[in-house]
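Student: Please model the complete structure; the sequences and the hints are all you need to start from.
Residue numbers (this note's numbering), protein chains in the order written: chain Y, 116 to 266; chain X, 116 to 266.
For the record, the hints were derived by calculation from the structure and aren't laboratory data.
Treat each hint with caution, since some may be false.
You can't tell identical chains apart in this list, so a pair holds if it fits in one copy or across any two.
In silico lysine to aspartate or glutamate, DMTMM-like type, Cα no more than 20 Å apart, as pairs [what the hints assert, rightly or not]:
no., residue 1, residue 2
1, K239, D229
2, K266, E134
3, K211, D163
All values reported here derive from a predicted model rather than from experimental measurement.
Chain by chain, the residues:
There are 2 protein chains.
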Amino acid sequence: MEHEHFMLEALAEARAAAEIDETPVGAVMVREGKIIARGHNLRELCNDPTAHSEMIVIREASRVLGGWRLTDCTLYVTLEPCIMCAGTMVLARLPKLVFGAFDPRAGAAGSVIDVLTTNNFNHKVEVVGGVLAHESGMLLKEFFKDLRQRK
Amino acid sequence: MEHEHFMLEALAEARAAAEIDETPVGAVMVREGKIIARGHNLRELCNDPTAHSEMIVIREASRVLGGWRLTDCTLYVTLEPCIMCAGTMVLARLPKLVFGAFDPRAGAAGSVIDVLTTNNFNHKVEVVGGVLAHESGMLLKEFFKDLRQRK
Numbered sequence: 116m117e118h119e120h121f122m123l124e125a126l127a128e129a130r131a132a133a134e135i136d137e138t139p140v141g142a143v144m145v146r147e148g149k150i151i152a153r154g155h156n157l158r159e160l161c162n163d164p165t166a167h168s169e170m171i172v173i174r175e176a177s178r179v180l181g182g183w184r185l186t187d188c189t190l191y192v193t194l195e196p197c198i199m200c201a202g203t204m205v206l207a208r209l210p211k212l213v214f215g216a217f218d219p220r221a222g223a224a225g226s227v228i229d230v231l232t233t234n235n236f237n238h239k240v241e242v243v244g245g246v247l248a249h250e251s252g253m254l255l256k257e258f259f260k261d262l263r264q265r266k
Numbered sequence: 116m117e118h119e120h121f122m123l124e125a126l127a128e129a130r131a132a133a134e135i136d137e138t139p140v141g142a143v144m145v146r147e148g149k150i151i152a153r154g155h156n157l158r159e160l161c162n163d164p165t166a167h168s169e170m171i172v173i174r175e176a177s178r179v180l181g182g183w184r185l186t187d188c189t190l191y192v193t194l195e196p197c198i199m200c201a202g203t204m205v206l207a208r209l210p211k212l213v214f215g216a217f218d219p220r221a222g223a224a225g226s227v228i229d230v231l232t233t234n235n236f237n238h239k240v241e242v243v244g245g246v247l248a249h250e251s252g253m254l255l256k257e258f259f260k261d262l263r264q265r266k
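Tutor: Okay, structure coming up:
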């Protein structure tokens with residue numbers, strides 16, 4: 116239930132992205148039962164290839180905590196992270212990731228590649244996937260369907 | 116010679132990082148024979164796990180070009196990129212990467228993993244490794260030796 120509670124918050128962020136024509140992916144960072152950072156995809160608005168929701172939230176959490184090690188934090192994101200975001204989680208020593216929909220085309224938490232739970236790097240991230248996956252996936256599907264119809 | 120010319124600029128950035136006690140890695144983004152962005156590692160100063168030199172330069176180049184697709188650009192960096200930075204190069208559709216020293220512990224351009232030249236993702240990056248590798252590697256070795264002596 117806790118996972119679903121925070122995933123609903125991440126979904127609210129994803130909807131906020133869709134409202135400004137950004138791919139609807141949202142994320143929240145949780146520490147000691149509280150949200151310390153929240154954000155959504157802003158790639159188009161910011162003209163920034165790094166402006167994925169996870170990156171925005173990791174950077175904001177680092178700012179809030181005053182350090183780049185995200186000890187005791189759990190990141191909730193509506194979509195399986197890409198390789199950039201998964202790599203950042205390893206660098207930030209994130210203990211735990213909870214994600215919504217799986218991404219069979221670019222997912223780096225197992226779908227295409229796994230950089231979070233292997234022994235290849237100096238940190239491993241505990242991963243829970245598929246939390247409210249249907250809701251997260253539908254939001255993306257509807258967004259892209261609408262985008263195609265407008266083109 | 117062109118590669119060495121721009122790698123020397125990246126090395127100047129790496130030295131600037133060392134001067135402020137940041138791990139000495141530097142980068143420059145080149146387009147049509149000109150440097151359009153330059154930067155160095157700022158992780159400790161910014162308390163930001165994403166503040167690697169490549170990320171700073173990719174974000175700055177996107178700002179300069181007014182878009183997140185880094186068409187016609189070549190990124191020069193003194194050290195083989197980590198998985199976060201390599202993933203970002205794929206997202207930014209970077210055509211070409213030139214790096215200095217290989218990183219056997221965390222390199223994502225072939226040393227530990229290769230995310231740049233595989234068919235797993237929707238973009239491939241041409242990679243040239245080992246340009247002024249000795250100079251780049253020595254800068255890192257001296258930095259960490261000095262750090263250990265100070266502790």
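Student: Next step is simple, just say for each hint if it's right about the structure.
Tutor: Taking the hints in turn, this is what the structure says about them:
no. : hint         : verdict
1   : K239 to D229 : both (11 Å within a copy, 18 Å between copies)
2   : K266 to E134 : within (17 Å within a copy, 51 Å between copies)
3   : K211 to D163 : between (26 Å within a copy, 18 Å between copies)
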